[in-house]
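S.K.: On the provided structure of chain A, position chain B as indicated by the hints.
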Amino acid sequence: MEKELATFKFRLWRRKITNFVMMGLTVVAVLVAIIPLIFIFYYTISKGITYLNLDFFIQMPKPVGESGGGMANAIVGTLILIGIGGGIGIPVGIMAGTYLSEFGNNKFGSLVRFLTDVLSGVPSIVVGVVAYTLVVVPMKHFSALAGGIALAILMIPTITRTTEEIIKLVPHSLREAGLALGIPKWKTTLLIVLKTAWKGIATGILLGLSRAAGETAPLLFTALGNRFWSTSIFQPIASLTVYIYDYAKAPFEDWNNQAWTAALVLILLISLLSLLFKILTRSKYKTNR
Amino acid sequence: MRRKWVIRILSKNFFKNHNPGDFLFERLTMFFALVVFLLILLMGYEMYDGSRMSIDKFGWNFLVNSEWDPVQEIFGALPIIYGTLVSSILALVIALPLSLGVAVFLSESAPPWLEKPLSYLVELLAGIPSVIYGLWGIFVLVPWIRNDVEPFLSQHLDFLPFFRGAPYGFGMLAAILILCVMILPIISSIVRDVLKSVPQSQREAALALGATKWESIKIVLLEAKPGILGATMLGLGRAIGETMAVTMVIGNTAKISLSLFDPSYTMASVIANEFTEATSDLYISSLIELALVLFVITVAINALARLLVWSLERKWKKN
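Heads up: the sequence lines are chains A and B, in that order.
Residues in the first sequence are numbered consecutively from 1, following my numbering.
Residues in the second sequence are numbered consecutively from 1, following my numbering.
No lab work stands behind these hints, which were simulated from the structure alone.
Please note that the accuracy of each hint is not assured.
Chain A stretches covered by chain B per the calculated footprint, using a threshold of three residues with CB under 8 Å from any CB of chain B [said to hold, decoys possible]:
id : stretch
1  : 101–113
2  : 215–224
3  : 254–268
Think of the CB as a built atom: it goes at the ideal place given N, C-alpha and C, for glycine as much as any other residue.
Next up, chain A with everything else stripped away, as it sits in the complex (with noise of 0.2 Å):
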């Protein structure tokens, strides 16, 4: 009797130890995902910010040995190309997501719901090979044009998938009310269901729009990358994320360190974009009571 007494103490023991042991792990593995983040934020920040003045905004780049520029001209141009992204995406993306969430509950539905997860883990590089096929082979030399299309198709998959997501949390007697005003189907949904939706929606316009800013691998060979003033879009346009690459493998120091900037510059701006957003859904919504 005591030797079982003994045996069910020592298992209880054990068991406790390996739950502390395990639950200690997890704490570890949290404290070690945390770590890189910490990291990179301080470097960016610590880096970044000694180079960071007006003239980085204002100023074109500076050709190699002079100190100083800046790079305008890619602040403008990822402006330009999430612009173009952005009008050619997010129509595409809500109009898809109203289908599904509305129309969608068949089997062509499914369908489109399983190819735009797939399409959201194509790599970006592919959709660059792709844009760069589509666009930049006919129109015959690279273009704003063809790394917004790249960025576009980039942007369809997160913007579908969450106004599907949005529209469906509508609750369905909000519908009924409209359709039993005797409003046809299509106006209910762009004029209640939508409308309803609209701050959600944003959020994941906003999603693709940061994602599409911080892109670098399907701009390489559609956008290309201009040391020059540019706006139009069909030459090839600087963006902020291919200035960071060409400058991070550059072996002068001074493009080293305005690299770190460019970098600082893009989280802000991705940072920026979150609260426009958030303002602006804000504003909307308080009028909207």
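M.R.: What follows is chain B alone, placed relative to chain A:
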């Protein structure tokens, strides 16, 4: 006669049972859904079309030939495929236990005040542009590997063939570590969602039988196995296709080498690195074929992963 019939059908479908606006609206949104559907087919076709020259010239040899020599226009992708698989699988092996730990902590044992900010931080980690990871890799990670990690490994583990050679910094090891950092938040946030959707009754049943917290979590993990597998495959797909960060630290040399210290190459980084420099049509065509191979692999992995996650969701909805 026939015209009358057409008009009757049209008028019946258009104007009696349906509002014409409804009909048009449905078709319009359906058209955009179709765009998404056609996009994936178009992508496959465009790349097949673009790589036809290389497919005709090399055939299946493209995948098994181990020589990648742009100067003599011999393109064999074996070392590149090897580099892609080794870097992403080893990164996955390191990242998976860590992300399971993070997911378990976030969904099972984190106090509520800690869970939200931590989840936010993990998502932030997933949102950092990959070129910034690469920048950090070049100037922080690679020097650290060159000065501390590789000398340490070659001193203590040099009986293994994986840790031999000159500590150069840029190479497979750096790529593995940076991929690990990048896929960790992706896997852990999916696994966390999967764990959260395991019915609470499973945990309560285990705890009621006297199980410790960890034992109840083991049961939850077992229940969520297909979802975890799906998340792992999504992470693998992401690692295989990751471009910028890897290109910046892997050293870009198409050579098969057992040592993790040696520079290597991945499919995505070959395309990123050589596409703008490719001079001949055959060269470009071979690079497009690499993109096609990458496309097929990632589509297959993602399709399988989604099916796994979906089957699990359906099962839980039934219960």
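S.K.: Does each hint hold? Answer for all of them.
M.R.: Going down the list of hints, with the structure as the test:
Coverage of the stretch 101–113 of chain A by chain B holds in this model, with 7 residues showing a Cβ closer than 8 Å to a Cβ of that chain against a need of three. Using a Cβ-Cβ cut-off of 8 Å, 6 residues of the stretch 215–224 of chain A lie near chain B, which meets the minimum of three, so the contact claim holds. Taking a C-beta to C-beta cut-off of 8 Å, the stretch 254–268 of chain A contributes 6 residues in contact with chain B, enough for the three needed, and the coverage statement holds.
Consistency with the previously given hints is maintained throughout, with no hint failing.
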